Amino acid sequence: MTEISKVEIQIAEDKNKIVLQNKAKELLQNKAVDIIIGYGEGTDNTVHAVFITNPDNTSELIYDERCLQNLAVYLLKAEVRKFTKIGIIANIAVMRTILQLASENQLKEEKIVIIGITADGSLKEFSGFNELQEYIQLNNLDISKEDQEILNRLDSMTAEERWNYWTEQFSRCNKCYACRAACPLCYCNRCQVEYNQPQIITPESTTQGNFEWHFMRAMHLAGRCIECGECGRACSVNIPVHLLTFKMSQTVKNTFGITAGTDAKLGSVMSTFKPDDKENFIQ
Amino acid sequence: MSEYKPKIIAFVCTWCTYAGADLAGTSRIKYASNVRLIRAPCTGRIDFMLLIKAFTMGADGIIVSGCHPNDCHYTSGNFHARRRWIIFRDLAKFTGIDVNRVMFSWVSAAEGARWAEIVNNFTDEIKKLGPYNSFRNLSATNFIEAVV
Amino acid sequence: MDITRHLISKEKLSSLIGKCMEDGKKVYAPVKKNNLVNFAFISSFQEITNDYINTVQSAKPVLFPKAEKLMEIKMSKDNIELKSRDKNLISETIVYGSRPCDATGINILNKMFTAGITDQLFAERFAKTTLISVSCKKCDSKCFCTSMGINPGNTDGSDILLTEVENGNYLVEIMTDKGQKIISSYQSYFDKAPDINKDKYLVDVPVAFELKGFDEKIKDAFDSPIWLEQSMRCIGCGSCAYACPTCACFDIQDSFNGQEGQRKRNWDSCGFSMFTLHSSGHNPREVQSKRWRQRILHKFQYMPEQFQLFGCTGCGRCSRSCPTDMNIKEHLINLIKNI
Chain A
1 MTEISKVEIQ
11 IAEDKNKIVL
21 QNKAKELLQN
31 KAVDIIIGYG
41 EGTDNTVHAV
51 FITNPDNTSE
61 LIYDERCLQN
71 LAVYLLKAEV
81 RKFTKIGIIA
91 NIAVMRTILQ
101 LASENQLKEE
111 KIVIIGITAD
121 GSLKEFSGFN
131 ELQEYIQLNN
141 LDISKEDQEI
151 LNRLDSMTAE
161 ERWNYWTEQF
171 SRCNKCYACR
181 AACPLCYCNR
191 CQVEYNQPQI
201 ITPESTTQGN
211 FEWHFMRAMH
221 LAGRCIECGE
231 CGRACSVNIP
241 VHLLTFKMSQ
251 TVKNTFGITA
261 GTDAKLGSVM
271 STFKPDDKEN
281 FIQ
Chain B
1 MSEYKPKIIA
11 FVCTWCTYAG
21 ADLAGTSRIK
31 YASNVRLIRA
41 PCTGRIDFML
51 LIKAFTMGAD
61 GIIVSGCHPN
71 DCHYTSGNFH
81 ARRRWIIFRD
91 LAKFTGIDVN
101 RVMFSWVSAA
111 EGARWAEIVN
121 NFTDEIKKLG
131 PYNSFRNLSA
141 TNFIEAVV
Chain C
1 MDITRHLISK
11 EKLSSLIGKC
21 MEDGKKVYAP
31 VKKNNLVNFA
41 FISSFQEITN
51 DYINTVQSAK
61 PVLFPKAEKL
71 MEIKMSKDNI
81 ELKSRDKNLI
91 SETIVYGSRP
101 CDATGINILN
111 KMFTAGITDQ
121 LFAERFAKTT
131 LISVSCKKCD
141 SKCFCTSMGI
151 NPGNTDGSDI
161 LLTEVENGNY
171 LVEIMTDKGQ
181 KIISSYQSYF
191 DKAPDINKDK
201 YLVDVPVAFE
211 LKGFDEKIKD
221 AFDSPIWLEQ
231 SMRCIGCGSC
241 AYACPTCACF
251 DIQDSFNGQE
261 GQRKRNWDSC
271 GFSMFTLHSS
281 GHNPREVQSK
291 RWRQRILHKF
301 QYMPEQFQLF
311 GCTGCGRCSR
321 SCPTDMNIKE
331 HLINLIKNI
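Residue numbers (this note's numbering), protein chains in the order written: chain A, 1 to 283; chain B, 1 to 148; chain C, 1 to 339.
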């Protein structure tokens with residue numbers, strides 16, 4: 001890449017940033033929203049979520065390739081829900097989350113203002129969920145090539161090799177539940193691990209208990225995961241937990257033809273059925 | 001040396017498979033006694049975590065069985081169960097669980113002989129596979145070798 | 001006891017650790033695996049890595065494990081049989097490669113687990129653990145040990161502190177009887193210490209804030225809106241508490257299989273939403289801002305009140321583990337400025 005192109009990209013990025021900040025300021029000043037959730041500069045050249053209620057603070061907002069955290073996780077938090085209208089900077093992952101949450105009756109269309117960011121970094125406003133759906137369906141929703149390669153590699157292993165791989169990964173897990181906390185679809189007020197009469201999931205952080213936890217979480221997200229990968233990023237001991245939920249998404253897509261986060265009226269894959277659901281293993 | 005006796009847990013629905021197993025009994029059909037039946041109202045009630053729990057607590061094989069599609073006593077419980085079994089099996093395969101040790105079937109209340117056949121066949125398969133030590137060997141809390 | 005000094009070469013250090021393992025001691029040291037550096041039990045000195053500023057998790061698990069069985073329980077018709085563990089089964093353990101901030105953390109843990117009533121399990125492990133720390137030549141922006149009153153060459157809490165000096169040699173400082181025992185048992189590995197100034201071999205960690213008086217100032221901040229502002233992006237996981245060398249909250253649970261069972265304790269975190277849930281259903285810390293406030297006040301007000309020390313060593317692990325960049329150093333700077 002030539003020096004000139006790098007400069008051009010930088011200018012385009014800066015221009016987009018100003019457009020974003022101005023839009024945010026406008027929305028807050030006109031009271032179209034009461035709060036904007038976006039990304040701001042964090043420590044050591046990383047970014048973190050920012051929550052802006054004052055139009056003068058919109059200069060904190062940025063958007064670039066570092067902005068990967070799925071901000072939609074904040075939409076269901078008590079501290080954010082109390083605002084009447086919430087604006088959110090939305091990349092594809094956030095958009096899909098919003099549609100999936102809407103299809104699970106967790107979000108009302110009137111409450112959210114979606115400040116979309118397209119693949120080339122420019123702003124796109126959406127008037128509602130229908131427009132969002134149309135936009136999403138034009139996009140490639142495949143998981144990254146790297147993740148697909150790892151999935152393929154795991155699929156080509158023997159069962160015993162896969163068992164060894166996953167039990168080795170799970171031995172490091174501390175049950176910090178960062179994967180659960182970072183996932184916008186894990187919004188249960190009381191998670192299954194937090195019940196102890198009966199205790200279905202062993203609470204302690206042993207390989208056995210960790211296996212039970214991750215298995216259960218993947219099952220509960222089947223058909224609901226929108227493949228943002230936040231769970232894997234949040235893990236402080238580098239366990240690729242996102243691969244489990246990605247695998248479930250692929251199973252659901254291949255078997256039931258459903259892709260999560262593409263339709264605000266999708267309904268729930270795992271609590272519905274078709275009388276002619278196909279399988280080849282039931283005797 | 002005594003022959004290996006596998007431990008098989010069968011989660012069955014009350015209205016079809018349990019009744020079928022009962023019929024096998026009243027018809028005096030002999031079948032492998034390694035299986036322990038756990039009765040649920042419907043296969044729709046059977047949580048996949050029960051299967052994992054059965055493995056961690058020492059089961060070598062698991063059978064899950066209920067009413068044929070369209071015959072569910074609660075109309076659609078088995079349809080919901082079927083969807084769950086499909087994804088459970090894929091996730092189990094993906095994490096390296098030996099899915100040959102988990103068998104799903106539709107067995108009606110009239111199929112006593114078939115139930116006996118299914119159990120006998122499955123028991124033979126588990127005997128060939130041997131004890132399922134993978135889960136039991138996972139570290140659980142110990143006194144001194146506490147998990148660091 | 002007074003600090004005594006020796007010198008050891010890298011080769012002799014490797015042999016020393018090897019000899020300790022041969023003599024039945026277990027060694028818990030930093031190992032690089034899966035793209036991160038964490039403590040693990042090793043079987044050879046070569047497994048130990050130097051490629052770290054600080055490990056992801058502290059050495060805390062060797063004294064306070066993330067899951068620990070407290071007792072075994074057997075119930076019968078007219079009797080309940082309890083079986084505690086045999087403390088003779090705990091091995092002599094050497095923790096190698098902890099940093100001065102880790103050592104201070106262990107000091108703090110020890111104070112908490114022996115205040116009032118001694119926690120037997122912790123005390124048993126602590127009695128059999130020797131800390132050989134290594135001082136710091138590098139730091140990153142998340143380190144703030146000097147703001148917490150310690151420094152990269154601090155000796156408190158370690159039994160032995162190694163500082164790499166010239167020619168791959170290490171200055172050996174011995175602070176305790178436990179440390180002295182290693183020297184006496186393996187005297188041939190050590191040489192006489194040269195007369196050198198340790199400080200020039202340590203990294204300089206810039207002081208980020210003035211800690212003095214913070215525990216007093218913070219007493220007035222209970223109702224401040226700053227807690228909500230700071231904690232908006234916190235998602236309420238337990239990463240910070242689990243990585244922290246001084247966090248010691250735990251949850252006790254019983255689990256039974258028929259008539260036999262066990263009582264266990266597992267790590268817990270005040271950041272979890274159900275940490276303070278009462279059986280009545282009331283939760284005094286039902287929002288994340290209250291839980292964030294609790295974390296800071298516990299470490300910076302309540303612990304100074306109870307134990308005359310801060311519950312933080314400035315190791316920065318919480319900030320590094322946090323998925324949402326809740327950088328405690330930045331938050332403390334912000335607090336000191338605004339309350």
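Simulated from the structure, these hints should not be mistaken for lab results. Just to be clear, a hint being listed does not mean it is correct.
Result set (BS3-like, lysine-lysine): computed pairs, CA atoms no more than 27 Å apart in a straight line [stated by the list, open to error]:
{"hint": "1", "chain 1": "C", "residue 1": "137", "chain 2": "C", "residue 2": "83"}
{"hint": "2", "chain 1": "A", "residue 1": "108", "chain 2": "A", "residue 2": "278"}
{"hint": "3", "chain 1": "A", "residue 1": "15", "chain 2": "A", "residue 2": "108"}
{"hint": "4", "chain 1": "C", "residue 1": "74", "chain 2": "B", "residue 2": "7"}
{"hint": "5", "chain 1": "C", "residue 1": "212", "chain 2": "C", "residue 2": "290"}
{"hint": "6", "chain 1": "B", "residue 1": "127", "chain 2": "B", "residue 2": "53"}
{"hint": "7", "chain 1": "C", "residue 1": "33", "chain 2": "B", "residue 2": "93"}
{"hint": "8", "chain 1": "B", "residue 1": "127", "chain 2": "B", "residue 2": "30"}
{"hint": "9", "chain 1": "B", "residue 1": "53", "chain 2": "C", "residue 2": "290"}
{"hint": "10", "chain 1": "B", "residue 1": "30", "chain 2": "A", "residue 2": "278"}
{"hint": "11", "chain 1": "C", "residue 1": "212", "chain 2": "B", "residue 2": "53"}
{"hint": "12", "chain 1": "A", "residue 1": "253", "chain 2": "A", "residue 2": "265"}
{"hint": "13", "chain 1": "C", "residue 1": "217", "chain 2": "C", "residue 2": "111"}
{"hint": "14", "chain 1": "A", "residue 1": "77", "chain 2": "A", "residue 2": "111"}
{"hint": "15", "chain 1": "C", "residue 1": "290", "chain 2": "A", "residue 2": "77"}
{"hint": "16", "chain 1": "B", "residue 1": "53", "chain 2": "B", "residue 2": "128"}
{"hint": "17", "chain 1": "B", "residue 1": "5", "chain 2": "B", "residue 2": "30"}
{"hint": "18", "chain 1": "C", "residue 1": "217", "chain 2": "C", "residue 2": "200"}
{"hint": "19", "chain 1": "A", "residue 1": "274", "chain 2": "B", "residue 2": "7"}
{"hint": "20", "chain 1": "C", "residue 1": "33", "chain 2": "A", "residue 2": "145"}
{"hint": "21", "chain 1": "C", "residue 1": "290", "chain 2": "A", "residue 2": "85"}
{"hint": "22", "chain 1": "C", "residue 1": "290", "chain 2": "A", "residue 2": "82"}
{"hint": "23", "chain 1": "A", "residue 1": "82", "chain 2": "A", "residue 2": "25"}
{"hint": "24", "chain 1": "C", "residue 1": "212", "chain 2": "C", "residue 2": "25"}
{"hint": "25", "chain 1": "C", "residue 1": "290", "chain 2": "A", "residue 2": "111"}
{"hint": "26", "chain 1": "A", "residue 1": "253", "chain 2": "B", "residue 2": "93"}
{"hint": "27", "chain 1": "B", "residue 1": "93", "chain 2": "A", "residue 2": "145"}
{"hint": "28", "chain 1": "C", "residue 1": "128", "chain 2": "C", "residue 2": "87"}
{"hint": "29", "chain 1": "B", "residue 1": "5", "chain 2": "B", "residue 2": "53"}
Partner residues aside, some chain C positions facing chain A, computed with beta carbon under 8 Å [to be verified]:
{"hint": "30", "residue": "142"}
{"hint": "31", "residue": "203"}
{"hint": "32", "residue": "204"}
{"hint": "33", "residue": "255"}
None of these values were measured; they are calculated from a predicted model. For glycine and all other residues, C-beta sits at the position ideal for the given N, C-alpha and C.
| field | Which numbered hints fail | value | 1, 2, 3, 9, 10, 11, 18, 19, 24, 31 and 32
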